[in-house]
Every structure is written in C-alpha cells, then in structure tokens.
Amino acid sequence: MLAWTIYISFAGALVLALMPKGNAALARVIALVVAVAGFAIAIAGFAAGAGQGRVTIIDVPWVPMMGIHYTLAADGISRVLVLLTGLAAVAGVLFSWNINLRTNEFFAFFLALIGGVYGVFLSFDLFLLFVFYEIAIVPKYFLIAIWGSTRREYAAMKLALYSFVGSAMVLVVLLASYATAGSHSTGLVSLANANLPVSFQMWAFPVAFVGFGILAGLWPFHTWAPTGHVAAPTAASMLLAGVVMKLGAYGCLRVAIGLFPHGLDPWGWSFWGIGSWRDVFALLAVIGIIYGALVALAQTDFKFVIGYSSVSHMGFVLLGLVTLTQVGVDGAVLQMFSHGVIAGLLFAIVGRIVYERTHTRQLSELEGMYLGRRLPFAAWAFVIAGVASMGLPGFSGFVAELQVLMGAWIAKPWWTAASGVGIVIGVAYTWRALQMAFFTDRLPRPDEHPKEGWPKFDPITWPEITATCLLFAATLIVGIYPSILLNSIEPAVKALLAGGMQ
Amino acid sequence: MNYADLFRVTLPETALDITALLVLIVDLGFLRKAALQTRIMAAVLIGVFGCGGALIAMPYQVDGGLAYPGSTDLLLSAGGYTAVSQVGILVLTVLTLFLLIGSDFTKHVGEFVAVVLMAATGGLLISAAQDLLVIFVGLELLSLGLYILTAFAKRSAKSAESAMKYYLFGGMSAAFLLFGFSYLYGLTGSTNLHEIMLGFYGPTVLGSTPLAYVALVMIAAGLGFKVAAVPFHLWAPDTYEGAPAPAAAFIASVSKVASFALLIGIGTAAAHVFNQMGHTGIIVESRGHTTNWIGFGGPWSTILAIIAVASMVFGNLAALAQDSVRRLLAYSAIAHAGYILIALAYYSGTNVSANAILYYILTYGLTTIAAFGAVSLVERIHGSDRMDAFLGLYKRNGLLAGVLLVLFLSLAGIPPLVGFWAKFNLFATILQVNHGTVPLVLVALAVAMSAVSLYYYLQVLKRVFVMPPADEAPVKGSPLTMGVLALITLAVVVLGCLPGLMQSWMAGFYAGM
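Going line by line, the protein sequences match chains H and L. Residue numbers are given in this note's numbering: position 470 of the first sequence equals residue 470, and the series is strictly consecutive. Residue numbers are given in this note's numbering: position 385 of the second sequence equals residue 1385, and the series is strictly consecutive.
Derived from the structure by calculation, the hints contain no laboratory data. Keep in mind the model is a prediction, meaning the values are calculated, not measured. Do not take every clue at face value.
[Stated by the list, open to error] Simulated crosslink set (DSSO-like; lysine-lysine; CA at most 30 Å straight-line):
1) K21/H / K1476/L
2) K1165/L / K21/H
3) K1462/L / K21/H
4) K158/H / K1462/L
All chains, full assembly: derive it from the sequences and hints.
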C-alpha cells in the first residue's frame, strides 16, 4: 500500500506539468489532494505496520541481466520517515498557497521531489534507492532557481552540485560493492549478507557516509545548506530541511552503516584519540553541532539563523548514528522526524508568515516593526516552535536529543559533554532571534511613527493556520507520547545494528 | 569466391548504395522544378526506405563473412556486436535524415541524402571489418562522406571553415593510421586482425617491441581522431559548430557508433587471440616480465586508458567554458568518448562488455541526434546557438523545453533516464570483469567527472527554464520534426525506466554464436 505514495506523487507531478497554464487555483487543489492522499496512505501504512518488522511491498526483477530488482519494502524506520514526508508535503503545499508564478510547474516539481523522497525511504534495493535519490536532486534545483529569493541561481547551482558530488560518491560505492560482492544483486539485504571484505568496507564506509552526509549537512560539507535554505521558496526550504536532509541521514544509516558495519571497526592505531571512522565522523558531527549553533548566533538574516540551526540539529542525527548504540540510533531516527517537523515550522514562520508580509528578513529591520503586536500569530507560533527547537520537554526535540546524548554518553562521554554546549548555544540563538524579531523592547521613536498609524499586514490565511496547527500537533504528540514512533523505530534499529538486515 | 558471393555478404551495404543512386536519380531527374521542402520530403522518404531495406537485408547476409580464396581468414564478420552496431547505424541514420526536414541550408538535397547513405555504408563496413585494408577503405568512405556533409552549407563561411579543419585533421590522422597499419603488416606479415594478434606473440614482434608500440600509438592516433578523443579532438568543436545540423548529428551519432564498433572489433580480436580460427595455445612466460606487456592487448589498453583519462578530464573541463551549445555538445561528446574508452581499455572480449559499450554509444547517439534537432530549431529563429538564444524557451515552446530537459539530464546521467542506465551498465561491467585498483580509480574519476558535467548541462537548462525570455518570438518546428523529437525523448525515458528491454534485444543477436 505504501508504494502508492510514490506513484500518486509522480502521477500528480505529471498531471500538473501537462495541465494548461494559468489555472493556479486548480493546480493548488490538485497538489493538495495528492499531498493529502500521500499523507493518508502514509498514516494508514504506519498504523498497519505497527508491531511488524520489515514488510516487503513489491519485489520484481527489474533488470534481470544485472540482477537488479524493483524492491520496495518498509521497516519501522521507513514507516516513520514516510510519515514525516507525508506531513511535510501537506504542510509544504499549504504554505505555498500564495505562489502565483508558474503555479502548476511549481507544484509539479514539488510533487516530483516528494515522490523521489518517498521512493528513497521505501527502496530496499541499493540501485533503486540511488535512482530515487537522484530523482530528488533536479526538482530542488528548479524550485530554488525559479521561485527562490536571495542569490537564488547561485544557491540552486551550489546545492545541485553538492548533491550530485555526494551522489557520485555513493555511485562509486554502489558500483564497487556490486562488483565486489559478486552476488549479482544490488538488493540491500543480499549486499548486507554478502560478507564484503573488511578492507573493502574500510574505504567504502567513509565514502558512502560522506556521500550521503553531504546531503545531511555533515560539517564541513554543509555549506550548501544555509545558502540553499535561505534562497529557496518557503515550501522548498521546508522540504530541504524537513525531508531532503533526512535523505542523507537515512542513507548514512541504511547504506553506510547497514551495508558496511565493519567500516566502523577500530583501525588498530589512534591519533589524538581518533582510532576509527566512527571517531572521525563523531568529531565532525560534534563540530557541526557547535559550529552551526555559533554561526546561527551571529546571523543578521532571520532565515540564516534557522538555516544554520538546521546544520546544528542535523549534527545530532549524525552523532546519534555513529554512537552505534540502540538508544543513540533510536534518538537519531526520532531526531530526523522531530527536526523535520520543527525546522519545517520555523522556515514556514520566517519565510511565509513573516517575510511575505514584511518583505525583509533582516533582524535589525524586523526589530523596528513591533511584530509581537502586529503579527501575534507569528510571534506565538515562533515562541512555540522556538522552544520546541531548543529541546524543551514536552516537544519532540527533547526526547530525540536526550536519547542521542544518552547514546553518545555510552559511546564516549566527551561527545555528550561537547554537544551539550551546542544545546546551550541553541537556546541562545533561538532566544536572540525571537527577541529581536518579535519582542524587542526598544520603543519607537516619535519620527518612526507613521502618520496614518501602522500599515495593516495581510491577515493570516487559513492554509497557514491549518499547516501550523498540523505541525504543532505532530511535535506535541511525539513529545508527549514518543512511544508512538519509538515502538516502530526500536525493533528496526535493533535489527539493523544486529548486523545485516535479515 | 565470386562477385555473387561478395554481393550476398554485403547485402545491406549494397541496399544503401542502390538507394543513394536512386535518391540522386529521383531528385535530379524528376523533382528539379519541385519546391525545396517537397524534394526534401521525397529524398528523406527514399533514404528511410533504403535504410529499412538494408535492415531487412541484414539477416540474409551470408554467415561467417567473406574470405580470401583458399584461406580461412575473415574479412567481414556478421552477427553479434557487428549486427547490433549495424542495426544501430541504420536506425540512427534514419533519425538524422528526419532532421533534414524543414531545413534550408542547401538546395542540393539529393546529393546530401546520397552522401549520408554512402557514409553510412562506410560505417556498416568498418563495424564488420576484420582486415586492415577493409578497415581503412571503410574508414575513408565514412570520413570522406563526413567532410562533404560538413561543408554542405555553402552559404555559411563557418561550414566551409570547419570542413577544411576537419579534412586537414582527418587526412593527417588517416596518414598516421595507414603508417601504423604498415608497421603492423611489416611486423606480423598479415593484414588480418586475428593473425596480427597472433603475430604479436611471435618472435618478430617480441624482438622489436618498441616498433610495435609505435605502430599501436599511431593507430590510436588514427582511431582516436574518429572518436574525438583527446589529444586528437581538435576538429570536434569547430565541426560540431559549423556543420549543418543534420550533418553534425550524423557525425556525433552514426560515425561514433561505427568507430566504436571498430574498436570493439579490434578489442575482441585481441581478447580471443587463441580461440579464433582454430588456434589453441598457451603463453609461456620465459623472460620474467608480466604478461601484461606481451601481446597486443596489454599495450593497447594502456594507450586507451591514457587517452580515456585525458578525454574525460579535458572534455568536461573545457565544456564548462563554452557559450555555444553546439561546442558544448562537442566537448561533452569528447567526455563521453572518454568514458567509453575506459571500457575499451578494460575490454574483456565477452558479449557483456561489448553490449555495455554498444548500449552506451547507441543511446548516446540517439540522445545527441535529438539534441542537435532541438538546437537547430532554436537556431532557425535566432541564427545562433549561443546560450542566450535559449533564454525563456519554456514560454516560447513548452514541448521543446521539455525535450531539452529530458535529453540534457539524460546526457548528464540523471536517473531514470537512459543516460544514467548506460553509464551504470558501462561502469558496472568494467568493474565486474576487472578486479583491481586501477579500473576502480578510473571509474571513480569518470563518475566524478560526470558530476562536473551536470554543471554545464544545467547552464543550458537554466536558460531554458529559469531565466526570462529576451524576446517572446515562439520557436516553431514542423509537426513531423517535433514528433520525431518527442518520440526520441519518450524512448530516452522508457529505455531508462525499463533498461532490460534493449539489453535483452541486444543479447538476442548473440544467440547463434
């Protein structure tokens, strides 16, 4: 059933691409219907899959001569991420309700991207996974280059090239492991059971991890992320932060760690306490957490604050993955979901609710606009999203990051100590942005008062309210009752860490 | 052996040549007064029927090819990779002919089509040739046709200039090739590929290895010119830019397919040195060097690997700086030739290897023909193929913009389009038959370089989709041309989604072998 998320998304994209131009209202409705249908299927699939392990959806030979199968399957991790994708898609369409430029093309690219993302999360054949992974690159380029803002062509090209370089690394690993395994198959399960030599895994693991990690915002390959997020139209930055970065993290987990577990083994020698690829990537993740937070603290552009906070929060995901502990990887997967929802929310508030009305994102200019009084909805939404992002108990971010830190403590305590600093800085930059944008206490000077009173902003529209509430609900439900997701994440992570994907 | 046998062995070639004469007769004899587009339609139709006739005639070729009287030496092979590439050549020729429709660069339509068909005959010959003399004659037949086609736009100075460059480079490289061939003959005493390969293990060659390497380098220069590999590529950008669109498409597709088929033929002969013609043998290593440097295959693959790396790197980097879309396609063609040359350097002689190469070059030819078709439509409006001529194309012709999107992404190797599958298949085959660090590093370099290539393909697509149009003049193509372009685009998508289709079709040709 879950496979239909892919098909209806691509079908929707095709219909929108071919429909006559000019009928923006119809295009929006079609996109919403498709996104909601995908979300509904994702929920139904999640509910139906509760308590089950990996369920194969379809498995047919695709290229018999090369032993490549069209294998779609879902385990607990996939189901959670598919759910996130559905949620992000619906919210993205709702927050793009005001797109009037080439509307049908916008939603066509949007749905093609969503279809590719669904496909990655459901593929259990490495070749197929790679195909979907690359399908997701091209729509991102056009979404940003056509509908973006600040330096959009530069940002779009940068993002496309970073993604493509990352996927080129993955392709090399895919080709090499196909040839080395000699099992005449690219199925994830059969590759995991192919007993790839340790020497091979030792180089394949870092190449694959970096290749996917580029898309997950792995420091120092993260620089596409802030520029890309800032330039992208709201819905695209929601998707970028919400699901596309998760593609990278998911690939790190499913492919790099799942197929090449021995790549994480100790080298047998160590340099300054770094004795394996695991230490290397943990160090990079910790640097990413702290660096992203520090840079976010210094930004003058509201959206860049959120952009760098994404790098910081994705650092937790990557750190959780390399802890290789049950609780740490659980936390990483939960953090993928949580950050997907919260980052989507933050980008929506900054990019859609605030920017579309104030036409500036400079914190110094927003400071003089008294948005706390004039846009109370935005202010309160940002307060809630901000505290969720800081990791206040009761929201999903808390459960997720706590588990990551616990896992890191088990692995190496200093990882936890260092990333704890990142959380503190996280509070600081969120607070700073919140105060400067909404709750400044600087009083307007007399000459700043407009003669006819402050101009009214456009009222908040129903799509904005609906989508905001949807995302709030998601982060709250998961924050208060995390087992709803953890129950399906835990067994899947256990199976994956146990070696192989049997 | 008599002329009747010769005729039966070369049935497809004969069909093409008869058609070429027919086109001339019809065009010059009956349609002198008719409108240009009518003459084009008539000539194209006859040409298409000729290619169809050649396709039908293919299965009736005498099996086993043509031999000298009283010897078992093979002159022309049939079936297997030869059959696949010959079918490919004929199909791609048909598609190039369709590009002629609606163009007005020449009044001599009959001659154009006739020369195309005769050049295709040369292509058919070299993809089957197993003898140095046949190879040379076939190559010259193909090349001379291409020089003429390049110069066909008589009113364009660029066309004349590029044809001149092409001709001078071509003449030079033909001289190199012939010189290399003469050394080979001198060293091994035969013009037959298989005997030459065997001769490489003989005392004459082993005793004078430097001479053999000189011969191989010269041959590589001659054939490298045909496939536009660095450093023998200098003609390509100018020719792609100056030649009339159908001629450029023909050079980029049919000529490439034939030349790579020839390289496959040489590789196959080298790989099967002992099991052709009933010879059996083992190599006794007595002098302590690695077998890699004994025989034809070792040095040959080293030369090819060097050329391949140079082509991939230079082609992709030079393409970054281009402003003319045709020159961009030329440099990208150099890069694509580089990818294929890696596969040829590590060619195993198996059907799988041959098919991976043919799959790549056939689908590349298909894509590039349509790309030239699309570029020529834009050119007709603007008189230029500069990047800026493509500004805002999505508004001026949505279908054409969609066609360009699919074709260029396929060339960049984005799934699920056929270009991606061709690359994957090619690289996977290289790694499957060669376990070692060097092939892996070369493949990694190729993959990295194709990441570079995305940049310049996106530069074109950016102008097509992202930037606003400079002028809103709609770009129109005749329904037939648009139909052909749309059909090729559809094929690029379908073959990419269902790669098994063409693979099993190609495998069918090896059934009897």
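Practice item. Hint by hint, work out which the structure violates, then give me just those numbers in ascending order. Key: As far as the earlier hints go, only 2 is violated by this structure.
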